[in-house]
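**Student:** Using the hints provided, position chain X relative to the given structure of chain D.
Just so you know, the protein sequences line up as chains D and X, in that order. Numbering-wise (this note's numbering), the first sequence opens with residue 4 and increments by one. Numbering-wise (this note's numbering), the second sequence opens with residue -7 and increments by one.
Since the hints were made in silico from the structure, they are not lab data. Be aware that one or more of the hints could be misleading.
Partial selection, computed: residues in chain D whose CB lies under 8 Å from chain X [said to hold, decoys possible]:
#	residue
1	Val44
2	Tyr48
3	Glu49
4	Ser53
5	Leu55
6	Ala57
7	Ala59
8	Leu60
9	Ala77
10	Leu78
11	Thr83
12	Thr86
13	Val224
Keeping only pairs whose Cα atoms sit at most 20 Å apart, straight-line, the calculated PhoX-like set for lysine-lysine is [unchecked claim]:
#	chain 1	residue 1	chain 2	residue 2
14	X	Lys(-6)	X	Lys23
15	D	Lys201	D	Lys242
16	D	Lys269	D	Lys228
17	D	Lys50	X	Lys(-6)
18	X	Lys(-6)	D	Lys91
19	D	Lys293	D	Lys234
Over the 10 Å line for every Cβ pair with chain X, so calculated as not near, a few chain D residues [as the list claims (entries may be wrong)]:
#	residue
20	Leu41
21	Glu206
22	Asn245
We treat Cβ as the ideally placed atom computed from N, Cα and C, and that holds for glycine.
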Amino acid sequence: MSVGRKGEPVLPDLAELCRIHEIGIDLIERSHDVDELLDRVLEEYEKRLSELPADALDARQATTRPESQQKLRALVMFATQATALREKAVAASELKRRAAMLEEANARLTAALGEAERARARLDGVLAALSAGVMIRGSDGAFLRANAAARGLVGEDDDPALTRLIASGVPRDGEAEIDLPSRGGRRTLLVARRAMAKDPGSEVILVTDVTQRNHAVEERVRLEKLAEVLKTLSVLSHKINNPLTALLGRAQMLQVKKGTDPGVAKAASVIEESSLRIADLIRELAQVVKEGRQEALDDLLDMNGTAETASDGSRS
Amino acid sequence: MKLSVNQDGRFLRLVFSGCDAIDHVNAAAVKAEALSLLGEASDVAVDLSEIEFIDSAGIGVLVALFKNARLRGGRARFCGLRPGVRSVLEIIRLDQIFEIYDDVQAAVRA
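Next comes chain D alone, as it looks inside the complex:
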């Protein structure tokens, strides 16, 4: 044991140094776990406090025995070592907790990315299966995605011509028909723009080729009109036919009646001839109505127009 000038030990004896060393090693080993470290520290405190003489911590005592002072110094040395280690252990525990949180967040992020990738693959599958063109445009105006149908309808997905057309002719969250030149003439595309719910700056653009549909609509309207015309002709033919029959009958009667003035008989002959022409025309009209074709009606009108012109020419 080292002894100072006044006979007090200045250093703990060798046994105490060894003990402190062993405890220090033990504490360091346990310092990765704050709870375990604290348990060990409390245990050691109890042991050392029980070894400490009662007067060692008594501030009221003017002097304490050297042995008490030595044990107190040893306790303070241990306590200093223990508190420093505990602080490090608390910090290490906090780091560990945060590292675990980061790892968990990273795992969640990875899972979310995987899910997003799967969702993207599903979206690609759905888009590919759609016959309508679907394009997704980001808030910066760039086309992010276009399915095969869209590329087929409007060319490349970053087609500047389409961008201009959409900007000029289709309102946001609205739709409009756009005519585009094509090899076989012009084609009509129905373009609808819809803002994306979760990102209003971005939008989904749906493109459908309505050229055929528009032709079909026009044809349906034409056929409806033709049907109306033919129905009118049918009614008129029927209404004309009744007085015409009476007219023809009277004209024929006048011709065969004895004592009829020759001038009247000739006029009756002209009336009969004209009535027969009208009757022929009505029969042709009835045939056209029966066929129900535009071409038949056009032929009839052409034929009668030609006949009328010829007739006019012969009269003049």
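**Tutor:** Structure of chain X alone, referenced to chain D:
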């Protein structure tokens, strides 16, 4: 030394009275009675406002109360420390280990 307990929120408050010291004279008895009174309580607020003097044996009682609370999955908080008691805890660095509050209200609300 007289010890009493009363519930204050989730904390069981332990009060020392009738004697201003916990030392080698009464430490063993105080420890036994305190642990008996606390029973299964896990969260304890130890009111030391009446204690003027504490020696190593008395500190041993406080360490035992602290360990007891930890064993039961709770915590022991010490409050109302007089300067003499506080300085002793500071000398042996137990102020870094224990949870110390100015008074009982602060201890049970923290």
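**Student:** Hints first: check each against the structure and report whether it holds.
**Tutor:** Right, here's what the structure says about each hint:
no.: 1; hint: Val44; in the structure: holds, 7 Å
no.: 2; hint: Tyr48; in the structure: holds, 5 Å
no.: 3; hint: Glu49; in the structure: holds, 5 Å
no.: 4; hint: Ser53; in the structure: holds, 6 Å
no.: 5; hint: Leu55; in the structure: holds, 4 Å
no.: 6; hint: Ala57; in the structure: holds, 4 Å
no.: 7; hint: Ala59; in the structure: holds, 6 Å
no.: 8; hint: Leu60; in the structure: holds, 5 Å
no.: 9; hint: Ala77; in the structure: violated, 11 Å
no.: 10; hint: Leu78; in the structure: holds, 5 Å
no.: 11; hint: Thr83; in the structure: holds, 6 Å
no.: 12; hint: Thr86; in the structure: holds, 4 Å
no.: 13; hint: Val224; in the structure: violated, 83 Å
no.: 14; hint: X/Lys(-6) with X/Lys23; in the structure: holds, 12 Å
no.: 15; hint: D/Lys201 with D/Lys242; in the structure: violated, 68 Å
no.: 16; hint: D/Lys269 with D/Lys228; in the structure: violated, 43 Å
no.: 17; hint: D/Lys50 with X/Lys(-6); in the structure: violated, 26 Å
no.: 18; hint: X/Lys(-6) with D/Lys91; in the structure: violated, 40 Å
no.: 19; hint: D/Lys293 with D/Lys234; in the structure: holds, 10 Å
no.: 20; hint: Leu41; in the structure: violated, 7 Å
no.: 21; hint: Glu206; in the structure: holds, 54 Å
no.: 22; hint: Asn245; in the structure: holds, 110 Å
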